[in-house]
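Use the sequences and the hints to build the structure in full.
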Amino acid sequence: MLNVGKIEEGFVLDHIAAGKSLSIYEHLQLDKLDCTVAIIKNARSNKKGKKDILKVECDINTLDLDVLAYIDHNITVNVIKSGEIVEKKDLVLPKQIKNVIRCHNPRCITSIEQELPHIFYLADAEKEVYRCKYCEEKYTEGSK
Amino acid sequence: MRHLMSPLDFTTEELERLFDLANDIEQNPRKYDHACDGKILATCFYEPSTRTRLSFESAMTRLGGRIIGFSDAASSSASKGESVSDTIRIISCYSDICAMRHPKEGAPMVAAEKSGIPVINAGDGGHQHPTQTLTDLLTIRSMKGKLDNFTIGLCGDLKFGRTVHSLINALVRYQNIRFIFISPEELKVPDYITDMLREKNIPYEEVIRLEDVMPHLDILYMTRVQKERFFNEEDYVRLKDFYILDTVKMALAKKDMLVLHPLPRVNEISVEVDKDPRAAYFKQAKYGVYVRMALILTLLESAQ
Chain U
1 MLNVGKIEEG FVLDHIAAGK SLSIYEHLQL DKLDCTVAII KNARSNKKGK
51 KDILKVECDI NTLDLDVLAY IDHNITVNVI KSGEIVEKKD LVLPKQIKNV
101 IRCHNPRCIT SIEQELPHIF YLADAEKEVY RCKYCEEKYT EGSK
Chain X
1 MRHLMSPLDF TTEELERLFD LANDIEQNPR KYDHACDGKI LATCFYEPST
51 RTRLSFESAM TRLGGRIIGF SDAASSSASK GESVSDTIRI ISCYSDICAM
101 RHPKEGAPMV AAEKSGIPVI NAGDGGHQHP TQTLTDLLTI RSMKGKLDNF
151 TIGLCGDLKF GRTVHSLINA LVRYQNIRFI FISPEELKVP DYITDMLREK
201 NIPYEEVIRL EDVMPHLDIL YMTRVQKERF FNEEDYVRLK DFYILDTVKM
251 ALAKKDMLVL HPLPRVNEIS VEVDKDPRAA YFKQAKYGVY VRMALILTLL
301 ESAQ
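Residue numbers (our numbering), protein chains in the order written: chain U, 1 to 144; chain X, 1 to 304.
Where hints are given, some of them may not hold.
[Stated by the list, open to error] Mimicking BS3-like on lysine-lysine, the simulated pairs with C-alpha atoms at most 27 angstroms apart in a straight line are: (1) X:159 / U:138; (2) X:114 / U:138; (3) X:39 / U:138; (4) X:200 / U:133; (5) U:89 / U:41; (6) U:127 / X:114; (7) X:188 / U:133; (8) X:200 / U:95; (9) X:159 / U:127; (10) U:133 / X:114; (11) X:188 / U:127.
Just so you know, these hints were derived from the structure itself, not from any lab.
Written out as structure tokens, the structure is:
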């Protein structure tokens, strides 16, 4: 079995759905950070059988929890200091997300207006439905 | 400073005040002849619309104000590639209030975010047309004396008609409204509307034949059924007469039922119905001017 060492300071994203870690890496823009990042794919999980894990050695404040919560609010965020877990953060679906997903409605003003941010609001928390702030079109899975 | 993007932007209490003002304008038009002296309304219409634009222009003129604007995108700076955000910044320097129609959904909201003056959504694609809904509500309130306790039939194209969706969303805020949706299978009201009605425990039924429900209606809201919406010619021929309102169907209705229509009417209401005192669609156009006058006054006041 592959062993990845402990980190001293940073965060560990655990219980990521298997295969989703790269998408999270991109959304969190971890490629722009000048720090150690470990991407662990298909690790054994008692709960799920398989899971992904991300270990990032950097300041926890650099993490956009809203983006993470939007992608998967079941992910466990462990904050690490001096090599130990000091906090587990709960993720809740964000009320609004900006420039994380794009509106695909060709009739929406976002399709032509220059530099207009793509803003979605949480329309139904139970069904996890997000709608475009401008045209109110429901976002459907596909480019998440 | 307030804008109007959706009919739900105003609470029912705020709507009551708006409609009271509109009724006062109707009763005492002279009192408002100079209410907007020195004020300018910009009508920014990126797509043609005769009735809505003229209704806004009539409203501002009757208030003593002036109008500037354009009536299609080709005669605006949009044809040179200017963004909505930039256009409204400029328009804000030239005028005191703006009514905007745009083919792209959400364009008036983008304008409102950057604007220094109140912006009224005068229709954005298939999304919202709030002043039509305000017109419908004012017509019902003025002619029925109330906005609660009635059965409303919505007939025709209930799938694509934004005026219908908007009116339903506005009416669910009032007590004891019962909806009857009359449409062919192909043009039924979308699921998200019926889901919402079920969640709120608001009674509704869906039927195909208008004749079957005429005696139960307090209000009949007609819309146009377009031939191109049908999958085949046979269905269109079979069903089209169900959705044409004529004197025979009107004979089945209550004596005080109101017939509304957002207009333009093509052939879904026979012209012989126009003489019937229950036909309220031309009065509705008049209420459209009163409600826009009240709206202009209310929003200008919010900007002071």
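Right, here's what the structure says about each hint:
no., hint, in the structure
1, X:159 / U:138, "holds (17 angstroms)"
2, X:114 / U:138, "holds (25 angstroms)"
3, X:39 / U:138, "violated (39 angstroms)"
4, X:200 / U:133, "holds (24 angstroms)"
5, U:89 / U:41, "holds (22 angstroms)"
6, U:127 / X:114, "violated (33 angstroms)"
7, X:188 / U:133, "holds (26 angstroms)"
8, X:200 / U:95, "holds (23 angstroms)"
9, X:159 / U:127, "holds (23 angstroms)"
10, U:133 / X:114, "holds (15 angstroms)"
11, X:188 / U:127, "holds (23 angstroms)"
In the structure shown, a violation is registered for the earlier hints numbered 3 and 6, in ascending order.
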